[in-house]
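Peer 1: For the sequence shown, our numbering begins at 135 and goes up steadily by one.
Derived by calculation from the structure, the hints in this document are not laboratory data. Note that the structure is predicted; figures quoted are calculated from it, not measured. Among the hints, erroneous ones may be present.
To be verified - Across the chosen pairs, the derived CB separations fall in these ranges:
#1 216 / 240: 34 to 44 angstroms
#2 222 / 147: 14 to 24 angstroms
#3 166 / 237: 17 to 27 angstroms
#4 213 / 240: 30 to 40 angstroms
#5 237 / 216: 33 to 43 angstroms
#6 220 / 168: 32 to 42 angstroms
#7 205 / 232: 15 to 25 angstroms
#8 151 / 220: 16 to 26 angstroms
#9 223 / 152: 18 to 28 angstroms
To be verified - In silico SDA-like links for lysine to any residue, alpha-carbon gap of 20 angstroms or less:
#10 210 / 164
#11 210 / 190
#12 159 / 206
#13 210 / 188
#14 223 / 192
#15 161 / 175
#16 173 / 214
#17 210 / 172
#18 161 / 212
#19 161 / 148
#20 161 / 203
#21 161 / 213
#22 161 / 196
#23 173 / 215
#24 236 / 184
#25 159 / 148
#26 236 / 201
#27 210 / 174
#28 223 / 158
#29 159 / 147
#30 210 / 194
Note that the Cβ used here is the ideal one computed from N, Cα and C, for glycine as well.
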Amino acid sequence: MAHEPWAPPSLYLDTIQQAITESVKLKIAYHTRGEEQLKERTIQPYAVYFSGAVWSTIAFCELRREVREFRLDRIKELNILPTHFTPDKSFSIELYLEERSKRLFPDP
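Build the full structure now, drawing on both the sequences and the hints.
Peer 2: Okay, here's the thing in structure tokens:
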């Protein structure tokens, strides 16, 4: 019998999925690994996915001005903002994850 990967649903999973559907910005307090202080960020969520044992969202980070990944278990606070954004029509989760895989596991 195959064992399916499992992780408890994130406290914020439904809210992030709603924000993706409605194209609304989120303000998060995020705990970056190796740092003590939480960082406040405004993000435009594009997608959410499960990998290994964690849920993550792929979002445009307004602080860094680039698409970044945020693990849902490191989001300590989350608020839906009343601001809509226009999704990047060129964004493809499939292409993003393929490029991510190439960065993490480069060909020898």
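Peer 1: Taking 33 to 43 angstroms as the stated bounds, is the beta-carbon spacing between residue 237 and residue 216 within them?
Peer 2: holds (35 angstroms)
Peer 1: For the pair we were handed, residue 173 and residue 215, check the Cα-Cα distance against 20 angstroms.
Peer 2: Holds - the C-alpha atoms of residue 215 and residue 173 are around 17 angstroms apart, at most 20 angstroms.
Peer 1: If you draw a straight line from the CA of residue 161 to the CA of residue 148, is it 20 angstroms or shorter?
Peer 2: OK: residue 161 and residue 148 at ~15 angstroms, within 20 angstroms.
Peer 1: Verify the proposed pairing of residue 210 with residue 188, using a straight-line Cα cut of 20 angstroms.
Peer 2: Answer holds: residue 210 to residue 188 is near 15 angstroms, not above 20 angstroms.
Peer 1: Does residue 194 sit within 20 angstroms of residue 210, going by the straight-line distance between their CA atoms?
Peer 2: holds (18 angstroms)
Peer 1: Given the hint of 18 to 28 angstroms, check if residue 223 and residue 152 actually sit that far apart at their C-beta atoms.
Peer 2: Holds: the Cβ-Cβ distance is about 21 angstroms, inside 18 to 28 angstroms.
Peer 1: Please work out if residue 236 and residue 201 have their alpha carbons no farther apart than 20 angstroms.
Peer 2: holds (16 angstroms)
Peer 1: Taking only the CA atoms, is the gap from residue 173 to residue 214 under or equal to 20 angstroms?
Peer 2: holds (17 angstroms)
Peer 1: Quick check: does the Cβ-Cβ distance between residue 220 and residue 168 fall within 32 to 42 angstroms?
Peer 2: holds (34 angstroms)
Peer 1: Does the structure keep residue 210 and residue 190 at a Cα separation of 20 angstroms or less?
Peer 2: Holds: residue 210 and residue 190 sit about 14 angstroms apart, inside 20 angstroms.
Peer 1: Can the restraint linking residue 210 and residue 174 be considered satisfied, given a maximum Cα separation of 20 angstroms?
Peer 2: The hint holds at about 10 angstroms.
Peer 1: Does the structure keep residue 159 and residue 206 at a Cα separation of 20 angstroms or less?
Peer 2: holds (16 angstroms)
Comparing the model with each numbered hint stated earlier shows that all of them hold.
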